[in-house]
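K.L.:
Listed below are the residues making up each chain.
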Amino acid sequence: MMKFPSAKKMTLIAGAVVAINGFFPALWILFTSLKTESELMRLPITIWPAAPTLGNYTRVFVDQPIFLFMWNSFVVAVLSTVLCVTVSALAAYALVRLRIPAPNVILSVLLAVAMFPLISLMVPLFSVMRDLQLLNTWWALVFPYAVLSMPVCTLVLISFFQDIPRDLENAAMIDGCSRIGALWHVVIPLTAPGVFTAGILAFVNAWDEFLLALTLAPRVASRTLPVGITLYQGEFSFPWPIISAALIIAIVPICIIIAVFQERVVGGLTSGGVKG
Amino acid sequence: MAAVTIRKVRKVFGKVEVIHGVDLTFQDGEFVVLVGPSGCGKSTLLRMIAGLESVTDGAIDIGGVVINDFAPRDRDIAMVFQDYALYPHKSVYDNMGFGLKMRGASPSEIAERVKEAADVLQISHLLDRRPGQLSGGQRQRVAMGRAIVRRPRVFLFDEPLSNLDAQLRAEVRIEIKKLHQRFGTTIIYVTHDQVEAMTLADRIAVLRGGVLEQFATPDAIYNKPASKFVAGFMGSPPMSFARLTASADGKTLAMPSGTVLPARGGLVMGGLSGDKSYDAGFRPEHVKLGADALPGGVNTTARVEILEPLGAETLALLTVGGAVLTGRFPPQAGVKSGDEVTVSLGAADMHLFDTETGRALVA
Ligand SMILES: Nc1ncnc2c1ncn2[C@@H]1O[C@H](COP(=O)(O)OP(=O)(O)OP(=O)(O)O)[C@@H](O)[C@H]1O
Ligand SMILES: [Mg+2]
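The listed protein sequences derive, respectively, from chains B and F.
Residue numbers for the first sequence follow my numbering, beginning at 1 and rising by one.
Residue numbers for the second sequence follow my numbering, beginning at 277 and rising by one.
Hints may be right or wrong, so weigh each one.
As the list claims (entries may be wrong) - Computed spacing ranges between beta-carbons, pair by pair:
#, chain 1, residue 1, chain 2, residue 2, range
1, F, D333, B, V204, 48 to 54 angstroms
2, B, V109, F, K391, 50 to 56 angstroms
3, F, D404, B, V17, 52 to 58 angstroms
4, F, D404, B, R166, 25 to 31 angstroms
5, B, I256, F, D395, 45 to 51 angstroms
6, F, S330, B, W184, 22 to 28 angstroms
7, F, K391, B, F61, 55 to 61 angstroms
8, F, A347, B, S159, 26 to 32 angstroms
9, F, E388, B, Q133, 55 to 61 angstroms
10, F, G485, B, S108, 36 to 42 angstroms
11, B, V204, F, D299, 55 to 61 angstroms
12, F, D333, B, W184, 31 to 37 angstroms
Stated by the list, open to error - From the derived model, a few chain B residues whose C-beta atoms are all more than 12 angstroms from chain F:
#, residue
13, L79
14, V82
15, A94
16, V105
17, R130
18, L132
19, T137
20, I164
21, S178
22, A182
23, H185
24, N205
25, T230
26, Q262
These aren't lab readings, by the way, just hints derived from the structure by calculation.
Even for Gly, the Cβ is constructed at its ideal location relative to N, Cα and C.
All chains, full assembly: derive it from the sequences and hints.
P.N.:
Pasting the structure below:
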C-alpha cells in the first residue's frame, strides 16, 4: 500500500515552502547589507558575511536624509490609510446594508477600476495634482494612494460586515445610536480584524509605492522612502550593500506595525453575540 | 408609559403588500400579544412600531404623537429580539448600560439603574461576563435587562422565548408577566405560540396574511372567536370542525350522517337561513365521553380513531356523524381505538361560521 504523508506533515511542508520563498530574499538582503562591497563581488559567493559590518547602515544615514524620507512615507501612508479605511468602511456598509440599487454592478465597477494599470493613471493624475498645486506635497500621494487601495479594502470590509447580524445594529439604533453611530459602536468593533486587515493592506500599498511617488512628489522635502532609496545609486555605481541596508530599514516599520496589530487581526472578538 | 395607536397601516416590500391596512389601539400599560401564523406580518408590524421598517401608508402614534418619521432612538421604546442581539464585544454591564450611556446618563446613574435591573432579573452575578459566556436563558434575561434599564414608554418583544427549551420558556414567561405587573409599561409582544398569547396578554391581536382577524381579550378570543381562522388557531388542541346543514325552518342543524343538533340560542331567531350549510366548531372539551356528559349536549355514537394519552387527560380523534372531531376524554376511560362509544356533543357551546367568509355567526 502507498503511504501518503499525514495531513500534519503536508501542512509542515507547505508551510516550509511558503516561509523559504518569502524569507529567503529578505534574509539575502539582510546578509548583503552586512557585507562590504568587495566581499559581495568576490567569487565564490559567500552566504554568511565573512566580516559583518554595520558600515553600510551608517552610510545610509549619512548619504541621504533617510529619516526625512521615512517620515514622509509614514505620514503619507498613515493619512492615506485612515482616509481609505474610512471611505471604504462607509462604502462597504452602504453596499451591505442600505437598499441601494444594483449593489453588484457597483461592486463590479469597483473591481474593474482596481484593474486599471497604474501607468495609465499617471498622466491624468499629474495634471490634476499640478492644477491643484499639490505636486511635491504629501497630499499629491495621500489622495491617489487612498483611492487605489479602496477597492480591495471595500471588498475585505464587505465580507466582514456581511457576517454581522442586522439586529445588532437595530438594537444599537433603538439604544440611541444613529446609523453611523451603530456602525462605529457595534459594527467596527466587531469587525476589528477586518478593519485592521484592510488598514494594513492600505498601509503597505502606500509604503511600497514607487511610480506615483517618483512622478508626483520627487523633491527632497516630500520624497518618500522607495524613491529615496533609489538615489543611493550613482551614475556609474550600484552600491548593493548600502541599498540593502536601506531596504532593511524600510522594512522595519512595517514589521513593527504588523506585529503590533497582529493580535487584533487574529482576535476572535465576534463570538457569542447572538444565540448559540 | 404610553398608549399606542396604529391607524390604517400598510406595508409594501417592493411590489408585495404584506400589511393590508391594520387598525389597532393599545391602552397605556396594556400587555398586547400579536399572534398569527408564520409570515403573517407580526414582526413587520412590530418593526414598524420600532422604526426599523418604514411605514408605507397610515400612521403610528405613541403617546399621542405620530412617530412615523421618528428615528428608532427618538421613539422611547425598547425591543427584545428573538436572537437577543446582545453586543458580543461588551460585558453584560455595558450591554445593559449602553442605551443610558448613549443618552448621556452619568456613570453613577447608569450603575444604579443597571444594578436595580440586574437584581430584578437575578443576573447581578453575571455583570462582568461577555454574552458569549452565558447560557441561552441568561442571555435572554440580559436582553430583557437591557430593555428595562432604559425605562422606555413601550416594550417590544419579538418572539423572545422561541430559542429556549420548553421548561425555561415557562419560567421566563412568568418572569415577563411579573415584570409587566411591576413596571406597568405598555408591552407589545409577538409570538406564534398561542399558549404564550393566552397566558400573557391583556388583549390578543390575531393577524392572518397581513389582515387583523380579531383583537380581543384571551377569554373572548377563546370563547367568542370572530372567525373560523381564529377558532382553529387559538386553543390546544385546536377546535375541530364539521359541515352542518340547516333545516328548512332554520331551527336545527344536521350532521353529514343525519344526526340533528338544535341551533344554539339566538341563532334560531333568524340567524340561520334554511337549507344553508355552516361550519360548526367544537372545542375538545365540548366532545365528552358518555351519554349526557354535557348539559345541553346531544348524545351520539362515535368511532374512536386515535387516542393520545397525555396523563391528566386523553385526547381522542373521533369520527362523529360523518365528521372528524377531537374530544377530551378522562385518563382511564377504558376505551381503545376502533371502539364505538357514545359521546355528548356540546351543541350549546358550538360555534357556527359562514362557510364562505369564515366569519362567526354571533349568538
Ligand atoms: N425586508 C423584506 N423584504 C421583502 N419581504 C419581506 C421583508 N421582510 C419581511 N418580508 C415578507 O413579509 C411577510 C411578513 O414577514 P414577517 O417577518 O413580518 O412575518 P412574521 O409574522 O413575523 O413571521 P414569523 O412568525 O415567521 O416570524 C413575509 O411574507 C416576508 O416574506
Ligand atoms: Mg417574525
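K.L.:
Against each hint, give a clear statement of whether it holds in the structure.
P.N.:
Structure-based check of each hint:
Here the CB-CB span from D333 of chain F to V204 of chain B is close to 52 angstroms, well matched to the stated 48 to 54 angstroms. Taking the beta carbon of each, V109 of chain B and K391 of chain F are about 53 angstroms apart, inside 50 to 56 angstroms as hinted. D404 of chain F and V17 of chain B have their C-beta atoms about 46 angstroms apart, which leaves the hinted 52 to 58 angstroms range violated. Here the CB-CB span from D404 of chain F to R166 of chain B is close to 28 angstroms, well matched to the stated 25 to 31 angstroms.
Between I256 of chain B and D395 of chain F the CB atoms are about 48 angstroms apart, so this pair conforms to the stated range of 45 to 51 angstroms. Judged by the Cβ atoms, the range 22 to 28 angstroms given for S330 of chain F and W184 of chain B holds: they are separated by roughly 23 angstroms. Range check, K391 of chain F to F61 of chain B: Cβ separation about 59 angstroms, and the 55 to 61 angstroms hint holds. Roughly 29 angstroms separates the CB atoms of A347 of chain F and S159 of chain B, a value that falls within the hinted 26 to 32 angstroms.
Between E388 of chain F and Q133 of chain B the beta carbon distance is about 58 angstroms. The supplied range of 55 to 61 angstroms therefore holds. Taking 36 to 42 angstroms as the suggested C-beta distance range, the pair G485 of chain F and S108 of chain B conforms, at roughly 38 angstroms. Distance hint check: the CB atoms of V204 of chain B and D299 of chain F are about 60 angstroms apart, consistent with the given range 55 to 61 angstroms. Separated by about 33 angstroms at the C-beta atoms, D333 of chain F and W184 of chain B satisfy the suggested range of 31 to 37 angstroms.
Every CB of chain F lies more than 12 angstroms from the CB of L79 of chain B, the least distance being 28 angstroms, so the non-interface label holds. No Cβ of chain F comes within 12 angstroms of the Cβ of V82 of chain B; the nearest lies about 22 angstroms off, and the non-interface call holds. Look at A94 of chain B: its CB is around 17 angstroms from the nearest CB on chain F, clear of 12 angstroms, so calling it non-interface holds up. With a least CB separation of 18 angstroms from chain F, V105 of chain B remains clear of the 12 angstroms interface cut-off, as annotated.
Every CB of chain F lies more than 12 angstroms from the CB of R130 of chain B, the least distance being 45 angstroms, so the non-interface label holds. Taking the minimum C-beta to C-beta distance to chain F, about 38 angstroms, the non-interface status of L132 of chain B holds against the 12 angstroms cut. The Cβ of T137 of chain B sits about 39 angstroms from the closest Cβ of chain F, beyond the 12 angstroms cut-off, so the non-interface label holds. The claim that I164 of chain B is not at the interface with chain F is violated, since a C-beta of that chain comes within 12 angstroms of its own (minimum 10 angstroms).
At roughly 7 angstroms from the closest C-beta of chain F, the C-beta of S178 of chain B falls inside 12 angstroms, breaking its exclusion from the interface. Non-interface status of A182 of chain B relative to chain F is broken: a Cβ of that chain comes within 12 angstroms, the nearest being about 10 angstroms off. At roughly 8 angstroms from the closest C-beta of chain F, the C-beta of H185 of chain B falls inside 12 angstroms, breaking its exclusion from the interface. Every beta carbon of chain F lies more than 12 angstroms from that of N205 of chain B, the smallest distance being close to 28 angstroms; the non-interface claim holds.
No Cβ of chain F comes within 12 angstroms of the Cβ of T230 of chain B; the nearest lies about 45 angstroms off, and the non-interface call holds. Against the 12 angstroms criterion, Q262 of chain B stays outside the reach of chain F, whose nearest CB is about 19 angstroms from its own CB.
Against the hints set out earlier in the document, violations occur for numbers 3, 20, 21, 22 and 23.
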